[in-house]
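The whole structure should be built from the sequences, with the hints applied where relevant.
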Amino acid sequence: MATDVMEADFQSAVLDRSRQVPVVVDFWAEWCGPCRVLTPALERAAGEREGKLELVKVDVDGNPGLAQAYGVQGIPAVKAFKDGEVVDEFVGAQPAPVVEKFMDRLVPSEVDALVSEGDEDSLRRALEMEPGRPDAAVSLAHTLMDRGEYDEAGKVLATVSGDFAAEGLSALVDLRRQDPDGPLGEAADALLKGDTEAGLRGLITALEQADDDELKDKIRKAMVGVFTELGSDDPLTREYRRKLAAALY
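Numbers 764 to 1012, taken from the working numbering, label the letters of the sequence shown in order.
Keep in mind that the hints were calculated from the coordinates and are not lab data. Don't take each hint at face value.
[Stated by the list, open to error] As a list, the in silico BS3-like pairs of lysine-lysine whose alpha-carbon atoms are at most 25 Å apart:
#1 Lys845 - Lys820
#2 Lys956 - Lys1006
#3 Lys918 - Lys984
#4 Lys864 - Lys845
#5 Lys864 - Lys820
#6 Lys956 - Lys984
#7 Lys918 - Lys979
#8 Lys979 - Lys1006
#9 Lys815 - Lys842
#10 Lys815 - Lys845
#11 Lys984 - Lys1006
#12 Lys842 - Lys864
#13 Lys815 - Lys864
#14 Lys956 - Lys918
[As the list claims (entries may be wrong)] For each label pair, taking beta carbons as the anchor points, the in silico distance ranges come out as:
#15 Glu883 - Arg1005: 34 to 44 Å
#16 Val784 - Gly945: 27 to 37 Å
#17 Met769 - Pro860: 25 to 35 Å
Note that the Cβ used here is the ideal one computed from N, Cα and C, for glycine as well.
In structure tokens:
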């Protein structure tokens, strides 16, 4: 069952408590029919995650200040708090699968926890439980490539589809195997050793000199994968994305 919270104890019951576990707040009212529909789904989902999050209820009629402070304009309004801040929310009586996914985003799964651990055994276990999971595959591939196990890294990455970072790293492995002692191999090695700028510079040079469409596409994928891992705001991403576009078009 959800705990009723008033304005006087909102600070301790929600904001302070959310620094230990996520707190889901159900803004509702006695007269609200959709609220009565949603409450059982919220309580069931919270009960299945007991100890990992908490569910509380705020009556908007009795606590208009809280409703105004958190921009509640329609009810039921559900807001999730972590570290004293709203991190997710929805409005309306959503079906149970939507509520479950909402709760799942707040509470890391066992696979999420394994990926966060980041050691090789944990990553392999994560991929056993969720084959083709991109972040686990990319992390494990990096570990394997650090040991020079490029073929094994390629096998791990081959299980992933539709992920720029994984596809890019797979392309980088192929480029290194294709030209181990040449410019492409040197660029790949630079990237794998953390010299990102030298690696990108080497790939751009190779792209400008390439006359094979398949090779060009592989270099493009490798560079896009690097951009994905760096993030769109990284200065190297911005600089070399422009160079990539110029080289291709």
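* Asked: Of the hints stated earlier, which fail here?
  -> 16
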